[in-house]
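Could you build the full structure based on these sequences and the hints that come with them?
Residues per chain are reported as follows:
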Amino acid sequence: MDLVEAYHQSDRETLFLQIGGMVVKPYDVKLGRKQYHIIIAVLGAALIITGFFSYNAYAGKKQYQTFLQNNYQRSFRELVTDVENIKLLLEKAEISASPVQSNALMSQIWMQSYSAAENLGQLPITHNALSKTEKYLNQVGDYSYSISRINAKNKAADDKDMEQISKLRGYAGELLNLLHAMESDITEGKIKFGEISQKGRLILKKASKEAVDVKFGNMEDKFNEYPTMIYDGPFSDNVIEGKPKGLEGEDINLEKAREKAKKFLSGNKIGTIKEVSSGKGKIHTFGLEAIPKNGEKADSISIDITKKGGYVLWMLNPRDIPSKKLTDKQASDKARKFLKEQGFGNLTETYFLKNDNTTTITFIGVTEEGILIYPDLLKVKVALDNGEVVGFDAYQYLMSHRKRDIGKPSLTEEEARGKISQKLEVERVKLAIIPMPGDKEQLCYEFKGKYNQFDYFVYINAETGEEENILRIIKDEDGTLTQ
Amino acid sequence: MLYRDKLKRLIPFIVIIFIYAGFGGWVYKNYVTSLISGDAASILLRWGSRGAEVKEVQKRLKDWGFYNGAVDGIYGWRTANAVKAFQKKHGLKADGIVGNATANAIGIKTGTAPVSQKTTSRSNETYTLAQCIHGEARGESYTGQVAVAAVILNRVDDPRFPKTIAGVIFQPGAFTAVSDGQMFQPPGDSALKAARDALNGWDPSGGALYYYNPAKTTNKWIWSRPIIKVIGKHYFCK
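Residue numbers (this note's numbering), protein chains in the order written: chain A, 10 to 492; chain B, 732 to 969.
Among the hints, erroneous ones may be present.
[Stated by the list, open to error] Label-pair ranges, simulated between beta-carbon atoms:
| # | chain 1 | residue 1 | chain 2 | residue 2 | range |
| --- | --- | --- | --- | --- | --- |
| 1 | B | Thr895 | A | Ser193 | 27 to 37 Å |
| 2 | B | Gly838 | A | Asn478 | 37 to 47 Å |
| 3 | B | Trp808 | A | Asn355 | 53 to 63 Å |
| 4 | A | Asp194 | B | Gly807 | 54 to 64 Å |
Source of the hints: derived by calculation from the structure; they are not laboratory data.
Since this is a predicted model, take the numbers as computed values, not measurements.
The beta-carbon is built from N, C-alpha and C at its ideal position, and this holds for glycine as well.
Encoded structure:
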């Protein structure tokens, strides 16, 4: 065998082996066919093992899918039952003439709609397809709760309320029709919730996802003529659309806003202040960013100045606060001094909360006669290393602060004291204006007292003598809060 | 002779089979199962983790003599070694990662609020909120993180959304970081701080209910919402 021949031979064998799919050095090739069979056997075994594992993975995945699907099924079917109940209860409420009976019905509607909204929120349907349905359910609950509060005073709902109830009942019927149609689709297997949750963009799955979305979307169209709901509750449309009452003054320009920001941050060594975005929420603002001198961009302080009147809406300084040197007393002195410098008069501190070496102090308004005004609320966050104000929030204050005409209470303090529970050991009494459901306010007597080692605030309506609210105070080394 | 020769040549292939099977098994155990069960989520602290929980681990391990570095809340090699030593001593798998079993043995709670934080019932919510912020907006400025938290809280107050923080966060498809499981990591200090500020009332978003990253979103509907604020990469809208 000469060299050329040997070369050709090895060349051919290399080729042969590469076709076989393995890179093996040419001298191994001499082993011939048997070796080749072994390779096939090894690959075969590998394939079987891989197959086994993938089957296991597949089976596991299938099991989880079924589990998920079952969960969605449960939420959906509970939703159907809840809406059935809501419809039935609304039908009954329509013809109820007794406040006691109505109260019981309304409380049940409240409970059922809460559960329905909860179940709806667990379904894998895009938000825009169900937001109006969810709003409907939450408002039905909130509204029926407000009526049950009226009923509890042994008053029946008025005609306007009854009209609303019959409208709401109509929507419950429509919603129920849709849900029943979907239910039969699900029973026939036309829609599977399990598939919806998959991330894949395969056409089939997408179609199924759209089927559910479209069906709920149809319902959304029916809600187009849904009435504006105004009542005494947190989800009342007038609360959601609420407008600031505390914004007075002329519109300002950016230059002026910069000046205001600079004045507010005077304690900081501010370099440049630039506008990063303008806020178009309930309160329109210049969104400014103040970069400290010799500071980095990451340390920049965010501050929003209202376009109308040029008030500071909020401020956040994210700097690290490495140590804690100030006492609680010193911190609140700093905060009070700061507010005075910024021209806020007549505020008193209520709650505080400590974390990350800062103290956040809540201030509320107080009149010259010493009446507390809880809706006029603002927060100041003080760094405990050097007493610098690192946070400020006046949203609530600007939403509600105004000159109020506070009438004389019709009840005397003694009369009000007779209305509270005898269990409470009263420590002090003050007059206070408190926020009420539905963006309202009420003058009350505030009784601070102790029961069973806990501190409580009890509020007695200064006009009617009704108990309007009870707050329990939570106190520990990190702060004082109410619940 | 020939037989032995053959056997010798078979050895590499047998080895390959074992390696292959071993690798397959390893992939199955560590990757596939964790993918379907979400087990990866239960790992609590590991090299590179930071925060109050790390501090707590360091403090306890120092008290028991496993650790002699600084109690600084940074999970470095010293902490990892100390954890390994602790695990060996207690018959746990010595991997230097504080998972559920190790956390229990050390005596810190897993998956709930940091132990050092002894505040009110809010601390549970704070932690979940912080996890969501961490998953959704850890690349954003501090203000951007507070804004994302504020959106979650604004949703709780709006009738079109579920009525609890957990309900909003875990609503199917509401947040990408929740859908893909990124949320289940210990949140950074900045996210925890941002969660607290948002719970305390700060809302840099101006009352927004949605936000999106215009570079990543293909959802047509969200583009139609009126934008009320832009912070970093996020557009906030009503």
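Do the hints match the structure? See the list:
1. Roughly 32 Å separates the CB atoms of B/Thr895 and A/Ser193, a value that falls within the hinted 27 to 37 Å.
2. Taken as a hint, the range 37 to 47 Å holds for the pair B/Gly838 and A/Asn478, whose Cβ atoms sit roughly 41 Å apart.
3. Separated by about 57 Å at the C-beta atoms, B/Trp808 and A/Asn355 satisfy the suggested range of 53 to 63 Å.
4. For A/Asp194 paired with B/Gly807, a C-beta distance near 56 Å keeps the hint of 54 to 64 Å intact.
Violation of the numbered hints given earlier is absent; every hint is satisfied by the structure.
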